[in-house]
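If you read the protein sequences in the order shown, they are chains W and X. Under our numbering, the first residue of the first sequence carries the number -14, and numbering increases by one thereafter. Under our numbering, the first residue of the second sequence carries the number 18, and numbering increases by one thereafter.
Worth double-checking, as some hints may not be accurate.
Among chain W residues calculated to face chain X with C-beta under 8 Å, some are [claimed, not checked]:
| hint | residue |
| --- | --- |
| 1 | K94 |
| 2 | N369 |
| 3 | R380 |
| 4 | Q421 |
These are calculated hints, taken from the structure and not from any lab test. Predicted model, so just to flag it, every value in this text is computed and none were measured. C-beta atoms are modelled at their ideal positions from N, C-alpha and C, and glycine is treated no differently.
Listed below, chain by chain, are the residues.
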Amino acid sequence: MYDVVVIGAGAVGCACARELSKYRLSVCVVEKESDVCEGTSKANSAIVHAGFDAKPGTLKARLNVRGSEMMQELSEKLDFAYKRNEAMVLCFDKADIPALDELLEKGHKNGVKELEIVSGDKARELEGALTDQVEAALVAHTSAIVCPFEMTIAFAENAYANGVEFMLSAEVKSIDKTENGFKIKTSRGEVAAKLIINCAGVYADKIHGMVSKTPMKIIPRKGEYMLLDKAAGGLVSRTIFQLPTKMGKGILVSPTVHGNLLAGPTAENIDDKENTATTSAGLNDVRNKGALSVKNIPWNKVITSFTGLRAVGESGDFMIEESDIAGFFDCAGIESPGLTSAPAIGEYVCELVKSRLELTPKDNFIDTRKGVIHFASLTREQQNELINKEPAYGRIVCRCETVTEGEILDAINRPLGAKTLDGVKRRTRAGMGRCQAGFCSPATMALLADKLGCGIGDIKKTGSLESEVYAK
Amino acid sequence: MKTSYELIIIGGGPAGMAAAIAAKEAGCDDLVILERDNVLGGILNQCIHNGFGLHTFNEELTGPEYAERYADKVRALDIPYELGTMVLDVTKDDNNDKNVTVISPERGAVTLKAKAVILAMGCRERPRGALNIPGFRPQGVYTAGTAQKLVNLEGVKVGKEVVILGSGDIGLIMARRMTLEGAKVKAVAELMPYSSGLKRNIVQCLDDYGIPLLLSHTVVDIKGKEKLEGVYIAQVDEKNTPVAGTEEYYPCDTLLLSCGLLPENELSIGAGVSIDPRTNGAFVNESLETSIEGVFSCGNVLHVHDLVDFVSEESARAGANAVRYIRNGEASGESINVTPGNGVRYTVPCKINKESITDSVHIRFRVTGVYKDTNIVIKSGDNEILRRKSRILVPSEMLDIIIKKEKLENITTDINVCLEEAAK
């Protein structure tokens, strides 16, 4: 029996697991997909929000600001891409400027530092591509961007290094309350746990309902995005938000931490928790609204579009608490700023768990982790040293992103390694570039097939796989 | 290992090999071909169908056979080539030398020097993302070339029920190939009112197998979360906008995309070469020299060809011209612009220096639509250089006009290539 089972290996689940791994506990993460970071965590705006948006006094506000404060140090210790690029909230109508002031005020109440309001002209001075319609802007100097895949994978790998087990491709089918805990039936067998942390994203209500009688509803809110070629990545350097108006919430235009340009998301509440399809109406909406903020976005440089689903609860706040059933904890309704808040949610959950379990810190906790080397970002000397040691780093597999065979092999062979094309892509960026895996996928498939001992034709793009329990 | 050359050729496909052979035959011994793949031949290696070489060898070869003839000659002429070698960037220094940074397991990451460089990197396919097709992003959506590689080189059975979007030549070839592999190809949808592939491929790859070609149609939705389940195809109006109510569902496990090829010019752009937005290839002069002195471009990286024979011919000229540059430096004399006029999408070259022409000059171009009973007219002001009647012109067929040097003797102002309606 595990002390704790975390259900869901997204950013929140992995952050909770990592935080729990600081203590002398047996922890297992159960995930229905074959990889971590397969749900909401892989399809979002990738922003580390400063924290001016959430309602003061809410858990959301508190954990956002805390998460934002933690992120830089975590990115250094756990080796994931992070960049403090600042953000702007644009106001297009003089009549809306009071709303901008309110936002500033809200930020101050939430404890966000380094906020200021600038004129439209000043905003255009800072970001030359902003449209002439911009009347004023709130500048948030602590806003940042992050690689959500690298971050989630880093949490997971670090948790694993500290003894957390991962059970992948294991969908939770039912949960029974037992005398001293829970029995969790999954598509890959049973696990028992004293405590459960429900981090199941858009399915948190379903998991909650397997145990509790109190109602919970999580509404998937669809957000469509367009990702542009790196050639367009320098159009803006800050994350450009729009002030919510009666016309709607608006969309953001932002560089990504790897240098692409991202525009989105739309916001549409839907019923189907699996509906990650893009629509022509949604993509048009992104184009139209994006053009309000930034001039001449080169939409012909779009390399892919995608949809993410935010897990929206009914309370408007994160629902992180022990449920009516003792020992069953929910982390539900983790919509934006969930990515930013994830590490803070991990800390908070540990605080909650203390009421049920004694948490004794480990003295051998490993608080650093090395990610897959990004060959392209190394100096010439470092590159040659690496090729000398391991010739696979001298073979470029992904031309667009300059990813070597060495990096792909590392991504496949490391613990909790990639088992699908998307898994390799998220760890190395192979296939993430302008040709969108046209050239590199056969080579990547061959490397995966070699490791998994199957035919090239059996390699999957994504999804659950058979026989893969990851235990130390 | 050697790090300084007279001539570096980037790419060992049909363009790079033809350029290297011509350069060697023009007397350049100090050259090297850099190829990122583990074999010479480029994309031809996966083109196992026949139809290559009619112009060059007067016989029908498969892609690998065509490539092998050139590879054999490269070896027979002792032209050095390095495989598994990726060029990361090209720059020019103050002495007009070119610095070519490469990476390979053998060399590591090093910078090579050359007096001249020939860009012969070929092209890539336009991916789904760039087409903005809405829907899910499941397994089973491939560019036609990726599927071709998987089927022909890796022996993977890609799918059983296939829809193809775009009627580019690779898509048409793959319609036949998938059929021969036992798959059912349900339709080829083409956004334009005409095919972007060669007529002979439509006949031999679609008509012969009863595969319908749906002109003015496109894919408007993709179904299936993890694996492709089907696509919706709708008609489009004259503005290429889908017509509501015309959607039809095609269950399928494979969607192949053959929606255009893009010259792969990231290296050229990095080097500062000016790119023609109409071709996405370099602006070149009569010698196939780019805006950077001593940097030449040929083959599909210059403009997408439909016949490899044209690639080889063009690239041989680039090879010979590069050697002339290495020996004599830049030609003196003024250049005359070549511009596309009515009905002509682009021209290669975009300027001509008469001093550099030995005997004749090629002007290659594509038309903007389907034209019947038309005259191709090449003129400079009132001076008509050439007029040629043509029964039918289509965008899928590149035109190649050869103009004798003496025809240009009195020409001093811009040369315009256009179409004029012919008298019936």
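Evaluation of the provided hints:
1. K94: violated (41 Å)
2. N369: holds (4 Å)
3. R380: Check passed: Cβ of R380 of chain W comes within 6 Å of chain X, closer than 8 Å.
4. Q421: With Cβ-Cβ at 4 Å, under 8 Å, it holds.
In the structure shown, a violation is registered for the earlier hint numbered 1 alone.
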